[in-house]
Amino acid sequence: MATETTEFSVPDSAAKAAAGSQEFETEKLELSMGPSHPSTHGVLRLNLELDGEIIKKCDPVLGYLHRGDEKIAENMTYNQFVPYTDRLDYLAPLANNVAYAIAVERLADIEIPERCQAIRVLISELARISAHLLGLGAFAMDVGAMTVFLYTFTEREKLYTLFEELTGARFTTSYTRIGGVARDMPEGWTGRVLQFIEEFLPVVDEVDGLLTRNRIWVDRTEDIGVISREDAIAYGLTGPNLRGSGVEMDLRKDLPYSGYEQYDFDIPVGTKGDCYDRYLVRIEEMRQSARIARQVIDKMPSGSFYAEDAKKIFLPPKEKVLTSMEELIQNFMLVTEGPQMPSGEVYFEAENPKGALGFYVVSKGGGVPYRLKIRAPSFCNLSILPKVCIGAMVADTASILGSLDFVMGECDR
Amino acid sequence: MNELLIKITFALIVVVVLMTLCAYSVLAERKVSSWIQGRVGPNRTTLPLIGSIPVIGPMLTRLGIFQPAADGLKFLFKEDVIPGHVNKFYYVLAPIISLVPALTTVTVVPFGHFIDTATGDAIPLVLADINVGILFLFAVSSLGVYSIVLAGWAANSKYPFLGGIRASAQMISYELAMGLSVLPVFMWVNKPGMEGTLSLYDVVLAQEGLWFAMWMPVSALIFLVSIFAETNRLPFDMAEAETELVGGFHTEYSSFKFGLFFVGEYAHMVIGGAVMTLLFLGGWHPLPFLPWEITGIWGAVVSVLTFLGKSLFFMFLFIWVRWTLPRFRYDQVMRLGWQFMLPLSIANLIAYAIIIYFLDT
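Chains as they are written, first to last, in the numbering used here: chain H, 1 to 413; chain Z, 1001 to 1361.
Source of the hints: derived by calculation from the structure; they are not laboratory data. Bear in mind the structure is a predicted one, so any value in this text is a computation, not a measurement. One or more of the hints may lead you astray.
Each computed DSSO-like pair below joins lysine-lysine, with the alpha-carbon atoms no more than 27 Å apart [said to hold, decoys possible]:
#1 H:K299 / H:K158
#2 Z:K1088 / Z:K1031
#3 H:K57 / Z:K1158
#4 H:K56 / Z:K1158
#5 H:K387 / Z:K1158
#6 H:K28 / H:K57
#7 Z:K1158 / H:K28
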C-alpha cells in the first residue's frame, strides 16, 4: 500500500504568502457562552466563534427550558391551562393570563364587562412596568451598573406586594379566568397603585439620570447591536425591540383589545435601532404605562368582574355552589368536563412587555383544545441574534442580550 | 541585634495593620454599597461573648464589625478545588504573586513622621526610607500584573484566558501614563541645588505649603484614573468583568486561593490610595499652608491618623465609583489609555518642565 506524502517546499509557502490569503489567518476560539452564564439570563447558550475579542459567528442554542407547554395544553381543559401561561414570560404573568383569556374568549364569543376589561388593562400595564423594571435593571447590571438593578428591583418588590394583595401570589399569579378575573380588586387597592406610581416615577427619573447621559453607558450602548428597520420587520421582531428600530407598531393602538382605545398614550419610537434606542424606548414605555394606569383608575367602571352570560365557562361563586343545586351541577360539569367551547379556531395577539404574545387556539368542541400554538415574542426577538452579534465584541453580547430583553421561559415554552 | 528586633516588630505591626485595613475595606465595600443601593448590608454576624455585651454588642453586630472574620473563615473552610486541567505550578503561584507585591510596596510608604522634641530632628515613620522610593514602588507593584496573567493562563480555560489577555494589556498601558504623571512632582521636588531624591518622604516635605493636587491637577487626575485601572476596579474591571467573563482570571479559583486574590486587590487599593495621598494630597499635613507645630509622640499619632484618614477617603472614592458607573469595554479602555491619557500625560510633563524651568531661573 502506497503511503501518500505531502511535500512542503519553500516556493509553495512563498506563493501562498504572496497571494496573501492565509498569511495572517489565526486560529478561531470557540467559546460556549451559557447555558449558565451571568448575562445570558435564564438558560440561553451562545456558541461563539471568536477572533481575539471579535465575534465571527454566533450560534444560539435553545431548548434548555423546553417543557412542552403546547402539548400539555392539549391534555387539559381551557381553565386548567391558565397557570401554565404564568410560566411563559414569568416576568409578566399577569399580561400572559390576560392574553390567553382574551384568545379563548374570542373563541367562545363572550362579551366581557367593562370593569373586568379595565382591571385587565390595569394589570397588564403594571405587569409591563414590572417586566421593564427588571429588564432595564438586568441590562444595566450586565453593562456593570449594579446599583441600577437594585433601584429597579426595589420598585418591583412594591409591585409584587400589590400583586400579592390582588391575586394571592407574588410571582405566578394565575389571575384571569376565561370570562373574567378570579376576584374583584380589594378595597383601596387602586389607591395603593396610585401611590406606587407616585413613588416609582421618580426612580425612573433617577435611573434616567444615572444612565442616559452617562458617557460610559452611551459608549457601551450607542451604535452597538444596530437592527435596521427592514431587518426588524423581516425577522419578525415585536415590542420595544421593533419600536427601537423606528417602526411605530403597537397592538394596543393598532388592534386595540380590552378597551385600550379609550386611553390616551404615546408610542415611543427609536431612530437608529441600537441598544441605546431600545433602552430609551423602555424607559419611556414605563412612563406611558403609568399614564395609562392612572387613566384606568380614574374612570374605573362599576359592574361585574366576570361575564354573567359565560355560565358554561366561568365557575359559579362558591357560596352559591354550596347552597344551590343548579350551581352545584354547573360547578361539577365545569370541573370534570371543562368549559364547553364551540368548534373553530382563533388567533389573538396581545402587546406584552416583550412583544406580541400570540395564542392560536383550534377547538373541535368540548372542554379541551385540539391544538394550542403559542407565538412567543422572545423567541422571534432572539432570532436576529446571529446577525446582530457578528462583528461585535465579547463585551457587547452583554449589551445586546440585555437590550433585547428576552425571557427563556417563553422562548423555550 | 536590638535594632533588628525593633524593625521586625515594626514590620509585623505594619503588615497586621495593612491586612486589617484590607479586611475592613471589604466590610466598607459591602456597607457603603448597601447604603448606595438602599440596603442594610451585613448586620447578623456576631461573636458569642462580645456580641452579648448589653449595648455595645448589638451595635457592633449591626455595624457588621465581625463580618470580616466570618468572610475570611469562609474562604479558609471552603473546599480548595484544583481543577485537573490547570498547570499546577503557575496556578498555585499566581495568588501568591497577587499579594506579595502589595505587601512589599508597603515597606517604602511613609505613613507619618516623628519630630524629636529635644533636638527637632524629623524621623519619617517608614519601614525602609530608601531614596528611590517611588521607583521601587512602581517596580514592585507592576509585578502584580503577573499574578493576573499567570492566573489567566495557568487555569487553561477560556474565560480566564480572555481575562488574562485583557488584564495584561490594560495594566501595562496604564502604567505608562501613571509613571509619566508623577514625573512633574519629582521635577519640582528635585529643585536645582537639591540633592537628587525619589523618596516619598521628601515629596511630603515639599508639600508643607501648596499640595501638588492643587497646582498639578492634571497629574493628579491621570494618576487617580491610572490607579483605578491598575487595581482593576470598575469602571476598568476588564479582567474580572463578572457579567461577561463570569469571573475573568479567577473563574477557576476557589477557597483561600480566591481569597488571596481578593485580599490582594484590596491591598493594592489601600496602597494606591496611600500613594495618591503622599504624592498629591500632602501626606500627613492636615491642611495646606499649616505649619507642623506638634512634636513628640502626639505629633506622630496625629500625622499617622491624618494620613490614614486621607487614604481611607480614597478607599471610599473607589467604592463610590464602583457602585455608580457602568463598565468600559476592553477596546474603549485601551483607546482611553493610549489616545487620551498617554498624550495628555506627556503634554502635562512638557508643560510643567517649561514652567518649572522658568520658576527656577
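Checked hints:
As the CA atoms of H:K299 and H:K158 are separated by approximately 24 Å, the hinted pair is consistent with the 27 Å bound. Restraint check for Z:K1088 and Z:K1031: the C-alpha separation of about 36 Å exceeds 27 Å, so the hint is violated. Straight-line distance between C-alpha atoms of H:K57 and Z:K1158 comes to about 17 Å, which keeps the hinted pair within the 27 Å bound. Straight-line distance between C-alpha atoms of H:K56 and Z:K1158 comes to about 16 Å, which keeps the hinted pair within the 27 Å bound.
For the hint linking H:K387 to Z:K1158, the alpha-carbon distance of about 24 Å falls within 27 Å, and the restraint holds. Taken as a hint, the H:K28 and H:K57 pair is honoured in the structure, with Cα atoms around 10 Å apart against an allowance of 27 Å. Our distance criterion of 27 Å between C-alpha atoms is met by Z:K1158 and H:K28, whose separation comes to about 12 Å.
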